[in-house]
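Residue numbers (my numbering), protein chains in the order written: chain A, 1 to 390; chain B, 1001 to 1390.
Hints were generated in silico from the structure; no laboratory data involved.
Predicted model, so just to flag it, every value in this text is computed and none were measured.
Among the hints, erroneous ones may be present.
Pulled from the structure, derived: some chain B residues nowhere near chain A, Cβ distances all over 10 Å [said to hold, decoys possible]: (1) G1055; (2) D1079; (3) G1100; (4) H1194; (5) P1286; (6) P1342.
Result set (BS3-like, lysine-lysine): computed pairs, CA atoms no more than 30 Å apart in a straight line [stated by the list, open to error]: (7) A:K387 <-> B:K1387; (8) A:K189 <-> A:K147; (9) B:K1387 <-> A:K324; (10) A:K94 <-> A:K181.
Idealized CB from N, CA, C, for every residue including glycine.
There are 2 protein chains.
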Amino acid sequence: MRLIFIGLLLISSIGQAADCLPRGTGDLGIIIERAAGSVQVVDTTHRKALFRVEGLGDLSHASAVYSRDARYAYVFGRDGGLSKVDLLCGMLVKRVVQGGNSIGGAISQDGRLIAVSNYEPGGVKVFSAETLELVANIPATKTPEGKGSKTVGLVDAPGQRFVFSLYDTDEVWVADMSDPKSPKLTQFKEAGRHPYDGLITPDGRYYIAGLFGEDGLTLLDLWHIDKGPTRILSHYGKGEQQLPVYKMPHLEGWAVAGDLAFLPAIGHYEVLVVNRSNWQPAGTVPVYGQPVFAMAQPDGRQIWVNFAFPNNDTIQVIDTETLKVIKTLKPGKGALHMEFAPRGEEVWISIRDEDRVKIFDTTTLEQIGSLPVDKPSGIFFTSRAHKIGL
Amino acid sequence: MRLIFIGLLLISSIGQAADCLPRGTGDLGIIIERAAGSVQVVDTTHRKALFRVEGLGDLSHASAVYSRDARYAYVFGRDGGLSKVDLLCGMLVKRVVQGGNSIGGAISQDGRLIAVSNYEPGGVKVFSAETLELVANIPATKTPEGKGSKTVGLVDAPGQRFVFSLYDTDEVWVADMSDPKSPKLTQFKEAGRHPYDGLITPDGRYYIAGLFGEDGLTLLDLWHIDKGPTRILSHYGKGEQQLPVYKMPHLEGWAVAGDLAFLPAIGHYEVLVVNRSNWQPAGTVPVYGQPVFAMAQPDGRQIWVNFAFPNNDTIQVIDTETLKVIKTLKPGKGALHMEFAPRGEEVWISIRDEDRVKIFDTTTLEQIGSLPVDKPSGIFFTSRAHKIGL
Chain A
1 MRLIFIGLLL
11 ISSIGQAADC
21 LPRGTGDLGI
31 IIERAAGSVQ
41 VVDTTHRKAL
51 FRVEGLGDLS
61 HASAVYSRDA
71 RYAYVFGRDG
81 GLSKVDLLCG
91 MLVKRVVQGG
101 NSIGGAISQD
111 GRLIAVSNYE
121 PGGVKVFSAE
131 TLELVANIPA
141 TKTPEGKGSK
151 TVGLVDAPGQ
161 RFVFSLYDTD
171 EVWVADMSDP
181 KSPKLTQFKE
191 AGRHPYDGLI
201 TPDGRYYIAG
211 LFGEDGLTLL
221 DLWHIDKGPT
231 RILSHYGKGE
241 QQLPVYKMPH
251 LEGWAVAGDL
261 AFLPAIGHYE
271 VLVVNRSNWQ
281 PAGTVPVYGQ
291 PVFAMAQPDG
301 RQIWVNFAFP
311 NNDTIQVIDT
321 ETLKVIKTLK
331 PGKGALHMEF
341 APRGEEVWIS
351 IRDEDRVKIF
361 DTTTLEQIGS
371 LPVDKPSGIF
381 FTSRAHKIGL
Chain B
1001 MRLIFIGLLL
1011 ISSIGQAADC
1021 LPRGTGDLGI
1031 IIERAAGSVQ
1041 VVDTTHRKAL
1051 FRVEGLGDLS
1061 HASAVYSRDA
1071 RYAYVFGRDG
1081 GLSKVDLLCG
1091 MLVKRVVQGG
1101 NSIGGAISQD
1111 GRLIAVSNYE
1121 PGGVKVFSAE
1131 TLELVANIPA
1141 TKTPEGKGSK
1151 TVGLVDAPGQ
1161 RFVFSLYDTD
1171 EVWVADMSDP
1181 KSPKLTQFKE
1191 AGRHPYDGLI
1201 TPDGRYYIAG
1211 LFGEDGLTLL
1221 DLWHIDKGPT
1231 RILSHYGKGE
1241 QQLPVYKMPH
1251 LEGWAVAGDL
1261 AFLPAIGHYE
1271 VLVVNRSNWQ
1281 PAGTVPVYGQ
1291 PVFAMAQPDG
1301 RQIWVNFAFP
1311 NNDTIQVIDT
1321 ETLKVIKTLK
1331 PGKGALHMEF
1341 APRGEEVWIS
1351 IRDEDRVKIF
1361 DTTTLEQIGS
1371 LPVDKPSGIF
1381 FTSRAHKIGL
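Bound-form chain A, shown alone:
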């Protein structure tokens, strides 16, 4: 009898072990299935799906960050949902609805805190990465109507900080989370009219906010925070002609290659080139449509650009030395998002209207594989766990 009992006990343990086999997590990723509210967990070495995890709510514009052990993805949904997904077991570990309407999040430098920026109610909430319990609440400045400003462009920065922008009240805030329960805030007012998105340079030094209410961008040097924000690229924006803008470009799509940064122009069929040492314009590259993401290969050799509707069936590849388009690809309609293998040998591209993710070799620029994915949008690989600002 005793042996039988042990046998049964072990069967139940095996059941778990079989679902969560030991494997490295360095070559995993998730792909957002926007319409279904699910994610696929993928193995990038064998180019195959491992799991589908469902029940993540509204995943329009969803993004994700990774735990420092690269096992868990934190998925930020549009409906205020924050979901912790276990990539090894293909399981939703926990989900909290932390706001009414949210846009993006970040993980702290030490990996212990998850921050989410909210439209409704405006502000940033900070959670334990382990338990998703609320650690700190940072409400935004109230507008004259008494509502908290929409909060956008949230990133992590070195020194256990989060940086974000307040859309309605034209502010940039820096929250030092060294003492997690008592965020130390530095608040910059009049930091540009309606910041709508933000980015941090890969070294974590410069925070840049895009402005919806005026031309130019706001730059904050986090090495010299006492100097406050300055304005750069004053001709960057919608300009006087007020072109129709089909989609405001994503700033996290900014590409840095050598001394240059590449950014999608707003409303124009151009990628702008900027000198990184002084943030002055250094040229433009004419492209096929209104760019949405301009992303640099990890080796900085090429920039891959996708476009707003009706040109979103196309991807163009720019050589960062000659500043010329060297290839125009037609991977399919709804080419929404790109993600590079960490060492840059291939790029995965979501083709929404074909329900496929297509994989291209970055040397030959040829398609080398694909996976079926239900209305794919964002693709996020675990190598992001080790990068500042991602």
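Once you have looked at the hints, place chain B on chain A.
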């Protein structure tokens, strides 16, 4: 009887599962225990050792690279041993003695190939990352005495290439491994007198070899390989004074921060500062001893420097803006190697003579923890899996 049989079968499976529990591998690393010929597998989140793996042979000057899934470390020993260590199970998976005397290795961009550079017999051998079976053998040029040149400074480069130098015959070679069984070689002769080590910039563009036989360094622009190698920093070297050099600095310790590179001077108590855009000197920083490694924090804000005997009880921290030493630490005798957490919040330092690895906070510059390790030398975290040239 049948049930009993199942029970026993399961017990044996559980035995394995218990040793190899599912967990993420993004926060793991290994520390070389040089004298014992073993490595410790460490968890950097909880700052603790998980396993000791023994039987790796002579680990003087040992280095390591990681599989693309961040589960396996490939350890290159001085005795020609190539060992594949499973970090999840704390196990030596396989060990081959592939040469008589070797120095370093690399993993290909796609993660499928491991290359090892050998002193004896000179040349590079390429193995399957999966099985450690020999895939290709690239013998070095023979010296007049009929021996193959010692091969050094081996790195991986984008485009599935390996780059390395031939010490005795003054060459730099580039091997394109796109067809693994038929390496396509580009060989540069008269590439500088006795290259003794090499590095590749973090973007994988520039290969730089240090020269033992003359001053200056050899630079190869891998974006324009047809132009061949050129000489840079002609005053970099032992110079005419022929100072005693206690230890030739490690070139993989070169630090890149913003527009500047920082490199250990040879024989002088200085760190040299170089402008990255034209490879011209941009200043020197006086330091406490002959520098061995000058390593940049991931955010580029500070450079950490250790020193050759008799000054190897000291670490200095340089501010990359002011180019001044801002802190002198005395962590203990035999401060041999440093490794940063991938987002830079802390640095782990091997203190050989105290049999400890000490951990410092990069913001406060205070010690925040330590681990007992038997004669620690190299420290290698799994985030290297995702970096070009590491």
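Checking each numbered hint in turn, tell me which of them this model violates, lowest number first. Failing hint: just 6.
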